[in-house]
Amino acid sequence: SQTIHQWPATLVQPVGSPLSLECTVEGTSNPNLYWYRQAAGRGLQLLFYSVGIGQISSEVPQNLSASRPQDRQFILSSKKLLLSDSGFYLCAWSVRSASLNQPQHFGDGTRLSIL
Amino acid sequence: AQSVAQPEDQVNVAEGNPLTVKCTYSVSGNPYLFWYVQYPNRGLQFLLKYITGDNLVKGSYGFEAEFNKSQTSFHLKKPSALVSDSALYFCAVSDDTGGFKTIFGAGTRLFVKA
Chain A
41 SQTIHQWPAT LVQPVGSPLS LECTVEGTSN PNLYWYRQAA GRGLQLLFYS VGIGQISSEV
101 PQNLSASRPQ DRQFILSSKK LLLSDSGFYL CAWSVRSASL NQPQHFGDGT RLSIL
Chain B
67 AQSVAQPEDQ VNVAEGNPLT VKCTYSVSGN PYLFWYVQYP NRGLQFLLKY ITGDNLVKGS
127 YGFEAEFNKS QTSFHLKKPS ALVSDSALYF CAVSDDTGGF KTIFGAGTRL FVKA
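Taken in order, these protein sequences are the chains called A and B. Note that the first sequence ends on residue 155 in my numbering; no numbers are left out. Note that the second sequence ends on residue 180 in my numbering; no numbers are left out.
Misleading hints may appear alongside valid ones.
[What the hints assert, rightly or not] Derived Cβ-Cβ restraints for the label pairs, each shown as a range: (1) B:LYS143 / A:SER69: 31 to 37 Å; (2) B:ALA80 / A:LEU51: 44 to 50 Å; (3) A:GLN110 / B:ALA67: 32 to 38 Å.
[Claimed, not checked] Computed list of chain A residues with no C-beta within reach of chain B, every gap over 10 Å: (4) TRP47; (5) THR64; (6) SER107; (7) ILE115; (8) ASP125; (9) HIS145; (10) ASP148; (11) ARG151.
Source of the hints: derived by calculation from the structure; they are not laboratory data. In this text, a Cβ means the ideal position worked out from N, Cα and C, and glycines have one as well.
Pulled out of the complex, with its shape left as it was, chain A reads as follows (with noise of 0.2 Å):
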């Protein structure tokens, strides 16, 4: 069966440091791949979408970055985080299709808080 592992659950971080959150699906290949923002329990902001290794598409302007050095490896990254970078993240993978008939399953996230 398939599964997906985000680490870490939680991170303090001060005003300005780097980010680096981690995401990985095992028992599945060539997947969708997917980075979301969710803030204060409410709706979802999708922030990097990856249909291939190397290949990243950015819905949303701002100073986060996403890799996908390997097929079932996603990550999102900052040089430089800001107070407004607060939020829970969350990644999701989905079946690779010609169209977006596939449902997304997501991981347990990581709650970011910036001080």
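Add chain B to chain A, keeping to what the hints say.
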């Protein structure tokens, strides 16, 4: 452009009563519709989807959803609510016009009282 609306911020029901969580959508092409549930400090869990076919879709944990094309709605239902159903529910939509973006609603908090 795609959009999805969940008009109720919170739904309160008594245990054993039927529940409905509402969702309406707008897409350019044919819709793909999903429901997810989120428990505290967890990721979203997929409940069910509508792609094509029967308008009544059955999913996990006894949930079902009714697709209504004329009303552009996809309401989530359960005949008998459990206290353990209390959670945050998200409706999501994509379509067949291409691209890789699924739009999520703002979420509806379901509270089931014993």
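Do the hints match the structure? See the list:
Checked against the hint of 31 to 37 Å, the C-beta distance between LYS143 of chain B and SER69 of chain A comes to roughly 36 Å, which is consistent with it. In this structure, ALA80 of chain B and LEU51 of chain A break the distance hint of 44 to 50 Å, their C-beta atoms being roughly 39 Å apart. Between GLN110 of chain A and ALA67 of chain B the Cβ separation comes to about 34 Å, which falls inside the hinted range of 32 to 38 Å. Every CB of chain B is more than 10 Å from the CB of TRP47 of chain A (nearest about 13 Å), matching its label as outside the interface.
In this structure THR64 of chain A is separated from chain B by more than 10 Å, as the shortest Cβ-Cβ distance comes to about 14 Å. Even its closest Cβ contact with chain B, about 17 Å, leaves SER107 of chain A beyond 10 Å, as expected for a residue assigned away from the interface. Listed as outside the interface, ILE115 of chain A is consistent with that label: its C-beta sits roughly 17 Å from the nearest C-beta of chain B, beyond the 10 Å cut-off. No Cβ of chain B approaches the Cβ of ASP125 of chain A within 10 Å, the least distance being about 19 Å, so the stated non-interface status holds.
For HIS145 of chain A, the condition that its CB be more than 10 Å from all CB atoms of chain B is violated, with the nearest at approximately 7 Å. For ASP148 of chain A, the condition that its CB be more than 10 Å from all CB atoms of chain B is violated, with the nearest at approximately 5 Å. Not every C-beta of chain B lies more than 10 Å from that of ARG151 of chain A, the closest at about 7 Å, which undercuts listing it as non-interface.
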